[in-house]
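*Asks:* Listed below are the residues making up each chain.
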Amino acid sequence: MQPSDQVFVLLKHWLVGQSPSMLQPAVSILLTIVPILLIFPVLFALTTVLERKGLGRIQNRYGPNRVGFFGILQPMADAVKSLTKEDIVPASADRAVHFLAPLVLLAVAFVPYAVLPIGRNMIAANLDAGVLFFFAIGAISELSVFMAGWSSRNKYSLLGALRAVAQMISYEVPLLLSSIGVIMAAGSLSTVEIVEKQAGFTGIFPHWYVLTPWGFVGFILFMIAATAETNRSPFDLPEGESEIIAGYYIEYSGFKFALFFLAEYLGMFAISGLGITLFLGGWLAPLPFLTWIPSWIWFFGKLLAIVVGFIWVRGTLPRLRMDQLMNFAWKFMLPMALVVVVAAGAWRFLPQGVTRWLISIAFLAGAYVLLARGVESRNKIAKRTYRFAE
Amino acid sequence: MSTPFFILAAVTLAGAWGAMTLRGLVHCALALAVAFAGIGALYLNLGAQFLGLAQLLVYVGAVAVLIVFVILLTRGGDADAPRLSAASFAPWPLAGLAVAAAVFAVLGWAIFHSSAMLSPTAAAPQNNIRQLGVALMDAYVLPLEAIGLMLTAALIGAVVVAMKEKP
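Taken in order, these protein sequences are the chains called A and B. Quick note: our numbering has the first sequence finishing at residue 733, numbered continuously throughout. Quick note: our numbering has the second sequence finishing at residue 1153, numbered continuously throughout.
Treat the hints as calculated values from the structure; they're not laboratory data. Glycine is no exception: its CB is placed at the ideal position from the N, C-alpha and C atoms. Any given hint could be a false lead.
So the derived label-pair ranges between C-beta atoms look like this [as the list claims (entries may be wrong)]:
| hint | chain 1 | residue 1 | chain 2 | residue 2 | range |
| --- | --- | --- | --- | --- | --- |
| 1 | B | 1136 | A | 696 | 37 to 45 Å |
| 2 | B | 1034 | A | 705 | 20 to 28 Å |
| 3 | A | 434 | B | 1037 | 14 to 22 Å |
| 4 | B | 1127 | A | 360 | 22 to 30 Å |
| 5 | B | 1143 | A | 652 | 33 to 41 Å |
| 6 | A | 674 | B | 1137 | 18 to 26 Å |
| 7 | A | 636 | B | 1136 | 28 to 36 Å |
Taking lysine to any residue and the SDA-like style, the derived pairs with C-alpha atoms no more than 25 Å apart in a straight line are [to be verified]:
| hint | chain 1 | residue 1 | chain 2 | residue 2 |
| --- | --- | --- | --- | --- |
| 8 | A | 726 | A | 708 |
| 9 | A | 540 | B | 1118 |
| 10 | A | 498 | B | 1053 |
| 11 | A | 498 | B | 1118 |
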C-alpha cells in the first residue's frame, strides 16, 4: 500500500535491520510495545483537556483556560500537582495491597492494547483468539478494583468497591453477548480477520457490521456496556463524587489517584478500540473515495469520535442509581443481547435482499418494544393526587 | 523446560504457597488468584490458547472474585482475624503431606501411562479454537446441552436462594 499508510511499519523494519542481529528480537519487541506505552497516555492527557473543556461548554461555562492556550497545558499542571502531593496512606490500611492495587490495575489496563489493530499490518500480537484475550484481561481488572476498595479499611471505600465489582460483572455479560454476533458473522476470534471481513463497499456503503440491523443494535449495547464496564457516567455510582465521595479511591492521594485515573481512561480507550474493531470496521475507510487517507488516521479518528461521544453522554445524562443500573443490565440488556445473537444468526442464513433487512428489523424492534414495556411496567407512576387541608 | 516455564512455575508455586500460609484470609484469596493466573499463563505457554484465556476469564475474573465476596459476606469485618494456629492441630500438616504425596503419585502414574507420553510426536493442532467449536457442535453436542441445563438450574437456584421472601 502507500508509504504513508505503512510508514510506521517500514520505520520499525528499518530500525530492526539497523540493530545487531543478536539484539533484533528484543529491539523488535521494544519497538512494538514502546509506542503503545507512549501514545495512549498522551491521548489520555489530551482527553482530560477535551473532557474538561467539553463538559464546561455543555454546562455553560469555560473549562480550564489558564494554563496555556485554551488550557492545553492543563495535563502538565495536573501531572506536576499529582507528583508533588503528599502520599497519604491510612494508618490501618493494608499497605501491601494498597500499594499494589493501582499497579495491577494499570498493568491490566495496558495489556489489551496488544490485540487492537491500529492500522493495516499494525498489531502488536496477532492472536488467534484476540477477542477472547481482550475479555479475559478485562475480567482481571475487577479483582484490582476490589483490592483498592478493601485495602483502604474504609466502609465507604469497601461499599464502593463491591458496587463497582457487581456493576462490572453484570455488564460483562451483555458486552460479551453483543460481540458474539460479530464473531459469528466474521467466523473468527482474531481481531485482524474481523477487520478484514468488513472490507469492501456496496456502492457507497461500507460493509461494516454497524450498518446491519443486528450490528447497529449490538453496537449500541456494546457501547452502553462499555460505559458501565469502565465506570463512566451515567454508570459512575461507585465513584460518584456526590454519592460516595469517590468510592474505592477515597484513600488514594497524589500519584496513585492519577494512576487510577489513567487506568480508567486507558480502559475506556481499549474498549472503544475493540468496539471500533468489531463494529466500525477498524482501520477501514467509510467511503470508497477516501481510502487514500492512512489506516491509522481512520482508527484514531474513530477513537476520538467515540471519546467525544462518551464526554457528551457524561455531560448530558444523570447518574443511574444502583438498583436501576442492575435492573437495566439483567432485565433489559441481557435479553436484548440474546435477541441480537439470534438476529445475527438469522441474518447470516437468510438470502441477501430486502427480506432479510425487514425480518431482522422487525425482530429487533419487536423485542425492544416488548422488553422496554416489560421493564417500564414495574414503575407504575400513578396520577398525582393532592390532599388539601379542609 | 525453558526460562518462561520456570518463571511461570515459580510464580504459580509462590501464589499457592501464599494461599496456604498468609495470615489474612483476603490475602490468601488474592494469592490464590495469582496462582490461577500463573496456571493460565502456563496453559498459554503450552500453546493452548482457548484454555489459557478461558482459565484467566473464568478463574481469575469470576471464581477469585466469588471467593472474595464469599469471604466478605460470611466473615465480614473480621476477615483478617488470625486463623487457628497450627500447633493446636499437630497431625494436620502430616496428613496434608500424605494426601498430597498420594495425589502426586496417582497423577504421575496417570501421566506416564497416558497416550501423550507413549507417542511423543504429536502434531500440533492448527486452528484449535475452530476444532473446539466444531467438536462442541458435532460430537459433543449432548454434553454441551447437559451443561447448559445444569447452568440454568444453578442460575435459577441462585435467584431462588437470594430472593426476598414474600411477607
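*Asks:* Next step is simple, just say for each hint if it's right about the structure.
*Replies:* Checked hints:
1. A hinted range of 37 to 45 Å holds for the C-beta pair residue 1136(B) and residue 696(A), which are about 41 Å apart.
2. For residue 1034(B) paired with residue 705(A), a C-beta distance near 42 Å fails the hint of 20 to 28 Å.
3. A hinted range of 14 to 22 Å for the beta carbons of residue 434(A) and residue 1037(B) is inconsistent with their spacing of about 44 Å.
4. Separated by about 51 Å at the C-beta atoms, residue 1127(B) and residue 360(A) break the suggested range of 22 to 30 Å.
5. Between residue 1143(B) and residue 652(A) the beta carbon distance is about 40 Å. The supplied range of 33 to 41 Å therefore holds.
6. Judged by the Cβ atoms, the range 18 to 26 Å given for residue 674(A) and residue 1137(B) holds: they are separated by roughly 19 Å.
7. Distance hint for residue 636(A) and residue 1136(B): a CB-CB separation of about 52 Å, inconsistent with the stated range 28 to 36 Å.
8. Of the pairs offered as hints, the one joining residue 726(A) and residue 708(A) is violated, with about 29 Å between alpha carbons and a cut-off of 25 Å exceeded.
9. Between residue 540(A) and residue 1118(B), the direct Cα distance comes to roughly 22 Å. Compliance with the 25 Å bound is thereby established for this hinted pair.
10. Taken as a hint, the residue 498(A) and residue 1053(B) pair is honoured in the structure, with Cα atoms around 20 Å apart against an allowance of 25 Å.
11. Restraint check: the Cα-Cα separation between residue 498(A) and residue 1118(B) comes to about 45 Å, which exceeds 25 Å; the hinted pair is violated.
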